[in-house]
Every structure is written in C-alpha cells, then in structure tokens.
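Model the placement of chain X on the given structure of chain Z, informed by the hints.
Protein chains: 2
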Amino acid sequence: MALDIEILDTTLRDGAQGEGIVFSVGDKLAVAEALDELGIAWIEAGNPGSNPKDKEFFRRSRSLQLKNARLCAFGATRKKGIKAADDKQVQSLLDAQTEAVVIFGKSWDLHVNKVLRVELEENIDMIAETVAFLKKQGRQVFYDAEHFFDGWAANPAYALSTVKAAWNAGADMLVLCDTNGGVFPDAVAAGVKAVAQMIPGAGLGIHAHNDSGLALANTIGAVQEGCIHVQGTLVGFGERCGNTSLAALIPSIELKMGLRCLPEGNLSRLLELTRRVAEIANVSLNDDMPYVGMHAFAHKAGMHADGILKTRQSFEHVDPAAVGNTRHFLMSEVGGRAAIADRINNIDKTINKNHPVTIKLADKIKNLEAQGWSYEGADASFELLVRRELASMEGRSRHKPLFRIVAYRVISEHPTGKTLACSHAWVKVLVGGQHEIAAAEGEGPVNALDSALRRALLRFFPDLAKVRLDDYKVRVIDGNATAARVRVLIQTTDGRHSWSTVGVSADIIDASRAALVDSIEYYLLKNREQGTGGRDQ
Amino acid sequence: MALDIEILDTTLRDGAQGEGIVFSVGDKLAVAEALDELGIAWIEAGNPGSNPKDKEFFRRSRSLQLKNARLCAFGATRKKGIKAADDKQVQSLLDAQTEAVVIFGKSWDLHVNKVLRVELEENIDMIAETVAFLKKQGRQVFYDAEHFFDGWAANPAYALSTVKAAWNAGADMLVLCDTNGGVFPDAVAAGVKAVAQMIPGAGLGIHAHNDSGLALANTIGAVQEGCIHVQGTLVGFGERCGNTSLAALIPSIELKMGLRCLPEGNLSRLLELTRRVAEIANVSLNDDMPYVGMHAFAHKAGMHADGILKTRQSFEHVDPAAVGNTRHFLMSEVGGRAAIADRINNIDKTINKNHPVTIKLADKIKNLEAQGWSYEGADASFELLVRRELASMEGRSRHKPLFRIVAYRVISEHPTGKTLACSHAWVKVLVGGQHEIAAAEGEGPVNALDSALRRALLRFFPDLAKVRLDDYKVRVIDGNATAARVRVLIQTTDGRHSWSTVGVSADIIDASRAALVDSIEYYLLKNREQGTGGRDQ
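Quick mapping for you: the protein sequence lines, in order, are chains Z and X. If you count the first sequence from 1, position 430 lands on 876 in the numbering used here, and the numbers rise without skipping. If you count the second sequence from 1, position 405 lands on 851 in the numbering used here, and the numbers rise without skipping.
Pulled out of the complex, with its shape left as it was, chain Z reads as follows (with noise of 0.2 Å):
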C-alpha cells in the first residue's frame, strides 16, 4: 500500500554528529534493521566521503535483509573548479551503491561568500552539474538545500535560485533544511509555499533542527503545506540540539493528520523500537519524551486519574496503546484515591475508592511523603504497603513476611597503611523459625550489605539467585547536611521481569536495608503466587 508521506531517517548520519552518539559498523547495522522493523522507508546511512568507517558499513549493508528501508548515502555538491566525475567524494556516493543518494549544496549566500567562499553563480552550477551526474548514474537524488530557510530570508531570490537549479537537473526531492534549527514555523510555512509556487509539482521535503524546540512544529507545518518526504532520526539524535525526533512525529502523522507513513499495524511497536535505537546508542531516552516517553501517559494529579478513570480522553491526547506504551498512576500526595483504589483492585477487587482501607492507605500514604518516602518510582514497595495495610486492617492474613532481618552490622574502615577504603557486613536472618547467618566484602556499605543479605537467604530461596539489582539510586531530602534524610530506590530485574522499590532514613544504610528487603520480599511473593518473578515490563 502506497504511504502518504515517505520519511527518511538520518540517525547514522546527522544523528552520529551529536555529542555523545559513537556506533560502531555493528551498531549502525543493528540501528537499520530496527529502522526497517519499523518500516521506515529511508535510512540516510553515513557520508562515505568523510568517514571511513561509513564506507565500511556500505560494503557490508549489502548482507542486510530490509523488507521496507532502502539506505541512502550523504554527501557534499561537488568541490570548486573541478567536474563532479572528477571529484573523489562524488565517487564515493556511487561507491556505496545504494538505490538513493542525498546530496546538500548551500541555499545561503552568507554561506556561499563566507564559508564556501566561491562566486555565487558557481555554486549554482555546483549543484545543477552534481545533480545532474548523479541521475546520470541512475540514482534517485534528494537534494538537501541546506540554510534555506536563512537563505531565503536573507536573499529570497538567490534561495530559489539554488533548489530552481537542482529541481532543473533532475532532482527528485526537494529537501528544505533549517540546518541552524532557528526558524519559526510561520518562516517555514511561507518559505514551503514560495517553492511550491516556483515549481509547481515539485516533490518537496523538510529537515528541521531543534534548537529553539520548533522542529516537531516546523516539520508538521511544512506537511500541512504539502511536503512529501521528511528528514529526523527516530530518537531526535542529531548536531546540538538535535534534528525532528521522528517518534515523537510519526503518531502525530498517522493518528493526528490521517496520514499514512509507516507500513499498516506497525505503529504499536514504535515505543520498542524507539527504545531498541536508543539502547544500541547506549543513551536513556528521556522520561518526558511525547509519545515514548516513560511519563507520557502517567498521571500525578488526583483529579487527573479520577478524570481518566471516568472517560479516557479526559486527560489522554492519544490511546497509549496506540504507540505501545501504558498509562500510569503515580503514587502521590497530589495522586488520589481514585489511583489508590485502582492499584488495591489488583489484589483486592471489592475495594473501592470510598471504602474505608483506601481512605486510611491515603493518609497513610500522604504522611508517609512528609517525612520523604515516594512511591512513584516503587511499585513493589506500593503494593507491599497495600498488602500490609490489608492484612492489619482487617485482621486478614493476605500479608506473611517470609523472612525477617534480625540484626546487621556494617563496616566500612580505612585500615592503616592501606590507602583502599573497604566494606564488610554481616548479617542474621530468620526464615521460618530458623537463623542464617552471612558475611560479605562489597564495593561499599551497601553493596556488602546486599552481598551478605542474598547469601543468608539463598538457603532457604535458591530462586534467589537469579535475582539481581538493575539500578540504584540516592536522593538527600531536605537539609541538614550529612544527618539528612535520604531516599533509596532500588530496580531490581530476575532477566525477565523489574520492578522498583523504595526505603527512606536518615542512615543510608538503614534506607537502602528497607529497600533491598522490600525488593526480594516482592519477589518471593510473586514467584510463590504466579510463578512469576513481578510484573512485565
């Protein structure tokens, strides 16, 4: 089926510039493989001119097996006073062998005097000559004006002279780039529009960067104009600020505008590919993110999750399942006992947000936050609380803590004559009327303590050993200097499954004891009751 807007995606090339993105050959071919999963139908895949391990990839993409992508290679118009045959980088775009090529020439005067520095009209024969050999070779050329929107608000008529030129010698899209990512959408609205008028019948594309957070906008405004193709990179990777996030484009594309771009039922795994892109590039994506993001569908306010609870549309601008994600309550004092009431179902359907438990774990929970815990980010320790409330509320017996710390001690010394600090623990269990006792070395108090924890109840819980912690994390609350309060959150992962949990004390160690026993109680309890390890991810 033909899509309505054809995207390239430039994460090997425009996003390998910025700062703190490195791939490997590996790593680019697992990215266009994700890419085509998705069904993206243009991977800009390097610039073999520049880079030599750009050609690298090139060589060995030609083993790939894409069901919808093609690759494109990237280049530079043709260097100054010699043919575009001549010129090595050009050949090295033939070289590539790739069904697509992009070339960039320069739309801005200021460019052409000041960094090309080369005579006006020579630029123009620059690209008409680079673009006319390149179709001569059989390729399709994307031709990438870059600067034009500077350009044409600097010297309109130059501007469109320079994509008149590459449209003339044959250029199948027209690319107009904000390279420098400071324009408006207005701006870009009304330089779209002059092209179109120029060349009717043009294929015209966008590339937007964000450097004033616009190129979201700017990309959405050049398709309502009429452009066809559109240049980003999946997780918004790309020079300073990044170039047009194409996850946070391509729902409002197809849900948005009826607009077809990916291949039909694959939307819904764009928040697994999305993440795929980013893990490969070894990069979190951020929580806030539109669409992906881990907070995109997760509500706070108590009035917000009562409203979503009520009528989905309330407070959600697109069904999260749409893109893959979930929505979420948050635990909190702002979250309310439509959330609380709504998490208790879960263990406890006859619960509702006005029966008597849900209004005492909500106070509970409320003072539980002025003295500093969250349970935001710590599931497991929400539901263990819920579970505990249970059981004392109504003298039911749902909640069996299976083992219980009886004591620990911590070192952590500077033995004389050594200059390495070092960390041991001990530690006494009890499990079922019996005691363990065991000791650990560790990076740390807290990870001695973890160390010796796991090995007095791996006797009783050898399902423990799959068990191990994914993240920690420390937060000081509120002042005091060294005796403040801290708050531990823990992730902890058994391969298959994660879930979090939280401990708050002014001892660090003693935050960190509550949450690591919070983390392998939740555990057990799942395994023993679902055989399962928590909750899927």
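Don't take each hint at face value.
Below, in silico cross-link-like pairs of lysine-lysine (DSBU-like), each with a Cα-Cα straight-line distance of 35 Å or less [unchecked claim]: (1) X/LYS746 - Z/LYS810; (2) X/LYS746 - Z/LYS499; (3) X/LYS525 - Z/LYS810; (4) X/LYS501 - X/LYS581.
Since the hints were made in silico from the structure, they are not lab data.
This is chain X only, laid out in the frame that chain Z set:
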C-alpha cells in the same frame, strides 16, 4: 520598565505534578527565590486547598523578600450546589494571602458531563460566581480555561460561553489551556483568534503541554495572535510530558520576537538559574535542551566547527552568551585550558594557558571527569587540586596538608532487640606529628564520620567550631546497582562564607571522606592565609 509579555511560572504547582518531582517546603522557597532572581513576573506556587505542604509554603512565603515576582495561589471553581463563599477550597485560596489567584474551570462539555457531572448551565454559574467572589475579595483573578482548545473543537459555542462568563464576572486574564497537550499550532491560533474576536480587548493568556512536542510552538503562535500572558515551567517540568519550558521559550520571545518578558540584563542569567532550579529538584537538565542544554552550542562535525570559525552565525541561531551558555567544539581542549589558566591565575599570575602546568592539569581533569569527578559545583576542591598539582609539579611547597586521616572505621548496625538502626565511627588523625583519636555516634554513617573527624581535629584547630555543613548531595554515577560509583557534593559554611567540595568513590563513606577532608582543609588554609574561612558567595 513595562514588560510586553507577563510570564507565569508554575514549577511549584503544575511542575510538582511531574513524575519524579518532589519538593519540600524548603525546596519550594528556594525555587521561588531563583525565579524571582531571573525576573519572572508571577509564581504560581501551589494548591493550598489540596495539599497541606502548599498551605505551609504560603505561610512561610510571607518572609520571602521578592524583587520581581509576585505569588499566586491555584485552585478550582466552587463545588456544585454551594456558594463560593461557603466552599472550603475557595476559602483556602484567600487564606494563602496572595495578590493574585489562578482558578481553573471547565470549557469542554465532555468534562462537564462526564468528569464534573453537572449541568452545562451550572458549570457556567460555578465559573462566574467563583470569579466574582474572588474579585470582590480584592484579588487579581487569572482564569485558566482548562481544555479550552479541545472544548472549542467539540462544542465551540459552549467553550466560548465559559470564557465569556469568566470575563463578564471580572477575570483579569483569560488563559486558554491545551491541558492534554494534543492540539496543533493551527488550531491553537484559530482558538485564540476566536476568543479575541468575541471579547475585543480581553487580556489573553496561553498554557500549553508538550504531549505532542508542540508546547513551544503553540505558545509562540498564541503570542503571535496577541496573547500577553504565558504560563509554563522554567525547566519544563509538569504532568506527563511536561509544560512549556520557559527556559526554551524566553530567549525566542526576547531575541527573536523582540518582545520583553524579563527585566533588562537578566536573560544572560538564564542558564545559571535554570540549572539551579533543576538542581533543587535533583534532576539533570537534558543536554539537548534548546538554549540552555550542555549540547545546545556544541559542534561536532568538522565542517560545522570550520564554518563557525569563519562566521559565527553559519551554524548558530543565536549568540550563546545571550543566555549565559558557551560554544564548544567537541574534541577541542582550547576552551578548557583557557578556563583552567584563568583559575590558576588566582594563585599564580605567571601561568598562562600554554604553560606546562595548565596542559598537565587539563589532562588530569579530563581523566578525573572520565572517572566521575566533576568540579562544576565544587570550587574549593578545584582550588585544592590546582594547589596540589602546582606543589607536586614544581617542587614548590605551596600545598602542605594541615592534617591527615590515618585511619577510620564506621559501623552501622541494627542491634538485636532494638528497632532503630545506629551508626558510630572512630577516626585517627595526624597533625604536626601528633596523633589524636576520637569517636562519635551519628544519624547514619556519614554523619558519624563527620562528627568524629571534627572532634579529633578540634583540639588542634579550635576555629573549626564555627564550621558546619550546609548541604550534602549524593549522585549515583552510571549503572552497576549498589556497587555503582557515587559522587558526593558538600557545601560548608562558617556563617559568613560558604564553599563546596566533591568526592567520588564506589564507597559512599570513602567519597564522603574525600569531600569532608577537602572542605576542612580548604577552610583551614584560607583562614590561615587571609584570616577568612572561605570566599564570599
């Protein structure tokens, strides 16, 4: 001087609804002071009717000495079926004793029917009566038309009638909200235009959310259509994907639209104060944030660096200095050494950026930063590093440590039969050939170590009695759970001056020890050299 646009920052209210954002009352006061320093006109500081912490904030806020900003309390229209004067929540807004009050009401018939569950007419009465009541009590009233744009799309006549009711009842400002963050810029512009046509001369405002990545564009578009009041949060905190980031918006308004929204000269402090607010929330600024991100003016591609060196605006949409940011070229040490030489000059005026000491220190800092050290927030540690390096490289005797920790042991335990954890420490120090040993208990292991160290040193340095820790922060650097490296930042004061130090280790005790030792050493050094305990803040 009159401002063209009045900015309302809601970090303390809508921002606090962001996942992971938890402010203590002390944090809230510190955020208010930072926003005031920047020159924000209005601070929406909390919801006193829903939250005891916010009530306390308003009580304590009366002692704030604000130069530019005024506070607003935030709440809802009255409940159905009662008078505004009898509504406790409305009363709490008056009790907050702020000059202005922001109240939100429903514009979307779906919300009135399904969430509020009142008749459409009753909702209009609730809006009008609440506004009129608050006006009668002498408050400025900003009316937030929640979900205005969604309501206007669903039932334009009804949505318009709700804002008209607020205006007729005396509201000072009609703030049109894209509460769900799903509306496109063209629809926002059309909605603003519709209200402006219906109520000529009305004061109009905009409040946008970023669920589609369009908050900034929607806000800029609304200002272009005549809105004079803009709501957002400095860093962009807020429900789900956050609110309009004012740090990303303000430079566009001032530098590109030529409209004034801060007092003259304040824009250059934008980066510093945005970082400060993020610090208080214990959140890292996204590096790719427009204008204030670490990467916003970072150039990686060789062609870009080359272009910039030929003419600044070739790859920069604004001058980074305008917002207090700096340009940097990745892989370049030029900027780094100039800054280091600048600091060395405080100790030795003869050393420039090409001096071997500077080059060696630049290398050393690079290595230390790769291990997780960061001197950005630790001036005193940086100065000690420079002094130690100067002494060791040149055989000069500039740096003599006044004391040394020979050994320490910190014990944290949970004794059998007691419920409270307990930490104690002993420390042995060497001062001018003499040993001293001291022990102390503490709230947590770091506090115990700190107390024991001071006791041991006090015999030799009685001036230490004045010194106390002001702030203690822990950041976990990179994964590996409980064995992760941590960075400890300490701020210390002698009542007149204040200075900050850093320590890094896999062991939190050891990292704290390093920062504590630097802190005490710096104080003793300065006190002996200049008769002062630190530098002025």
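Here is how each hint holds up against the structure:
1. Between X/LYS746 and Z/LYS810 the alpha-carbon distance is near 51 Å, which puts this suggested pair outside the 35 Å criterion.
2. For the proposed pair X/LYS746 and Z/LYS499, the alpha carbon gap of about 16 Å is at most 35 Å, so the pair holds.
3. Using a Cα cut-off of 35 Å, the hinted pair X/LYS525 and Z/LYS810 holds, with the two alpha carbons roughly 26 Å apart.
4. Note on X/LYS501 and X/LYS581: the hinted pairing holds, with a Cα-Cα distance of about 21 Å set against a maximum of 35 Å.
Comparing the model with each numbered hint stated earlier shows that hint 1 is the single one that does not hold.
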